[in-house]
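J.: Construct all of the structure, not just a fragment, from the sequences and the given hints.
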Amino acid sequence: MALNQLNFSIENASPTVALGEAFHLGVVGSGDLEMIIESKEQGGAVSFQILSPVTGFDDLWKRVADAFVRESGLGNAHIEINDNNATPAVVMLRLRQALAEATAR
Amino acid sequence: MTKWTDLQSASFLESNARDRALGLVDEGSFTEFCGPMDRRPSPHLGVLGDAVEYDDGVVTGVGRIGETPVFVISQEGRFIGGAVGEVHGAKIVNTVRLAIEMLDAMVAKNPDTPEAHKPIVVFSFETGGVRLHEANAGLLAHAEFMDQVQKARGKVPVIAVIGSKVGCFGGMGFVAAAMDAIVMSEFGRLGLTGPEVIEQEMGREEFDSSDRGLVFRTTGAKHKYIMGDCNFLVKDSVAAFRAQIADLAVLPIADFEAMRRIGSEAAVDKQLALVALAVELQPKDSLDVWAHAGNEAPAELNDAPYEEFIAKAQRLAV
Amino acid sequence: MLQTKVNRSWENAKQDTAQRMEAASRFIGNGKQVKHEDTVALLEAVIRPYDIVNIEGNNQKQADFLAECLNKVDRGKIHDLHMVQSAVPLKAHLDLFENGIAKKLDFAFGGPQAGRVAEFIRDGKLELGAIHTYLELFGRYFLDLTPKVSLICAYKADRKGNLYTGFNTEDTPTIVEATKFRQGIVIAQVNEIVDELPRVDIPADWIDAVIESPRPFFLEPLFTRDPALVTDTQILLGMMCLKGIYGPYGVKRLNHGIGFLSTAIELMLPTYGEELGLKGKICTHMILNPHPTMIPAIESGWVETIHCFGGELGMDEYVASRPDIFFTGPDGTLRSNRAFAQTAGHYALDMFIGGTLQIDKYGNSSTATANRVAGFGGAPNMGCDAKGRRHVTESWLKCGQELPNREAIQGDMPRGRRLVVQGVETFGEGRAPVFVDKLDAWKLAENANLDLPPVMIYGDDLTHIVTEEGIAYLSRCPDLESRMAAIRGVAGYTEIGLQAKPEETKRLREAGIIMTPEDLGIDRSRANRSLLAAKNMQDLVTWSGGLYNPPARFRNW
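Chains as they are written, first to last, in my numbering: chain H, 68 to 172; chain Z, 129 to 446; chain C, 4 to 560.
These aren't lab readings, by the way, just hints derived from the structure by calculation. All C-beta atoms in this analysis are idealised placements derived from N, C-alpha and C, irrespective of residue type, glycine included. Watch out, some of these pointers could steer you wrong.
With a straight-line Cα cutoff of 20 Å, these simulated PhoX-like cross-link-like pairs (lysine-lysine) come out [said to hold, decoys possible]: (1) C:Lys538 x Z:Lys293; (2) C:Lys107 x C:Lys80; (3) Z:Lys363 x C:Lys538; (4) C:Lys255 x C:Lys284; (5) C:Lys38 x C:Lys159; (6) C:Lys504 x H:Lys129; (7) C:Lys94 x C:Lys128.
Derived Cβ-Cβ restraints for the label pairs, each shown as a range [what the hints assert, rightly or not]: (8) C:Glu71 x Z:Ala371: 54 to 64 Å; (9) H:Asp125 x C:Lys446: 25 to 35 Å; (10) C:Arg185 x H:Gly123: 51 to 61 Å.
T.: Printed below as a string of structure tokens:
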């Protein structure tokens, strides 16, 4: 019954994008999420912590996260997501928005 | 993040809690208290398996309008309807407390502090009241907040701002009514019992909550403006709300007494006169009261755009 | 000399109708009026077992009072009716089968009763004739499914029995013409009987009985979409459609349905569409219901003409005030007509754009779920290239010429092709994948004993798929294998999407068969509600100059 917590890391041997200061984005509305994205030295990897009321989508989260890391070249980062049943389209949209904001700083 | 200049022209109704907080004060002046980076979600929701938000659905902080320090509270309706839980409650209560402490410290240091330098509190409501998952803490927060509003009286103006999607209902409707001034846009709604609950308790014949026109005629800002429940009706933009707050920020504290709905013999007399009027008038619809207030074509007035409404509306005198 | 001439009466149908009307005559007064209390007795007098009966109703106006009365007839007298009707959205429509009054059903759209249709078929309570498109069913009214008795509805009748169907004329002329000109019986429920009608939509001598219903007929505001509910992802898809499809093909003649994607597109015409310089080049001629969200585009001069399947609550006055755009009568009010709008929809559109619950790996799409027999209304007619089309428009020609191996298949004869577009997010509600290996329609076919899985749009009719990942230009694919690769390439993180090979997708992007938002030059960060010309219902009213009057449940002031 408790909130479902998912932790995993996506390796990135050769990061091309690094973050500045930590950045927060989003609202935990229905079908949406908030995230904090911050730099964390961990051998190139991007670690994810996801809290979601919905279970059974662990693989989907990993697929989306993996695609995001590959597409963006982001490395050495930690991303925390508070989810309320966002679709992959929304997850990807918010990840891209957060990265754009966080690297623009 | 939306630029401050873009926020000014943005619809207040469309803006989320953080954008409202940022946009209501001067550019770059906002400092958030206990923001998402501090990671203070509700300790209760997660246990129940419900989604959490790091700021627990409310943005609190301080900024400036001109010379005036503005303590801001801004609720996020998209997160569980802006409902008040334990953390959310602690944040709103302590924001007012900080404003009072600041005022006290200022006056202790300089009894002649100009009015424009004294802090105000602005509360952008978007809530249905108590969060049922943590109802005891939520109710307690309502009481504590009321207590702070009483302590602020005559010292720090506490201004309600209502123009977001969820409106301001439940216990928070009481809280707003107890504040010094209320500013609404026409999309704002203010009430105690929510429309669905009234229908459930009184029946569909008494109140059809799916009739949104009826809901707005009863709880919406135009009606509240005519009734005197809200003091100011502004256009739906962040800039319009900000301009109204800027006007209020420089007023002497004594000027707020006349704007209040409760807390004086005069206010009680006015309420009693309203009850008597209701008995005499037996209105079937809010528009009956509008007509009594001297509005000849109330239905048309209800549909009129903002400028026309403000120019024509006759407010109820009791 | 062969003696083939039959010896028979040629007026059996006419005589049968005369007998029935004789039995009903004691209920029918001046001006063909029947008291509403006598309705059940009237129906018992004119309907016989095994009759083909039509109850007017589609997804909007409903002859609801007559449907309820038909349920009250003595089932000893009336049973085994064969119902032929556009839609069965009311409980009363299916109660007829539960009550043993009706046995067989031919229809086009199930709506909220779709679950019961499936259940009744399984339980043997309902014998399904076929699921049709609207046009297909209308055609059969004039061929092999002509109603003997039709129960229709209108706003008003005059004292002679002329009818005014006005804004919501919809199916009425088609039903009445098929029934009456084959010696059948037409019974109308009306909201009121008046001295003078605004105009005559159905002449009195085509009508046999008129009943002033105890309450107005039910009308659903089905095409009203609140701009406040449009999401960022829908806006992104809308930007892709405008920049990647509407603009490049010059889509002038089209239909929009009730999906929020088309709502987003409608609300972005005066903003993003204007910015792209598309005014006058797209969306000039439309076949759609009077969507309130079209108001900003109409008011800013995008649209030349709109013909409507039906009406929409609250749009009466606006439509009446824009007769250059809408089809209005001498009295000034709209006359909708589903048959004509669907005909235009089948033959004359440049493009159909819609949404769906599922798309399979071949591109077949369906809104069918395992336990609901819903039908697809008009979508299959609009969502295909009409084989009988002969006139040419720019976009039709352009799309037809895109097929790279056209000569290998068709020889040297030039052909055109309609754009048929599905716009979907890769995952729908509850993270249900839209792209699937096999449609649920297969399970439905099994559960409801259907001969074929109900497919809304066949894969080979589909020319474009738009998702948040990109646009698949299926019209540019030479064969099934490349179509499937293009579909995989925009299917995101669904099981189908995961089968995409990155190098293959890259090749398709280079060939212009897949275009991502980046390929199209779309800045994803602009995909937010600030692009909407109206953000809430009141904005629509403001755009309309106060002429649009939204139903109470949609008001936000």
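J.: Run every hint past the structure and note whether it holds.
T.: Tested hints:
no., hint, verdict
1, C:Lys538 x Z:Lys293, "holds (12 Å)"
2, C:Lys107 x C:Lys80, "holds (17 Å)"
3, Z:Lys363 x C:Lys538, "holds (15 Å)"
4, C:Lys255 x C:Lys284, "holds (6 Å)"
5, C:Lys38 x C:Lys159, "holds (15 Å)"
6, C:Lys504 x H:Lys129, "holds (18 Å)"
7, C:Lys94 x C:Lys128, "holds (15 Å)"
8, C:Glu71 x Z:Ala371: 54 to 64 Å, "holds (57 Å)"
9, H:Asp125 x C:Lys446: 25 to 35 Å, "holds (27 Å)"
10, C:Arg185 x H:Gly123: 51 to 61 Å, "holds (57 Å)"
Hint compliance for this structure: every hint is met.
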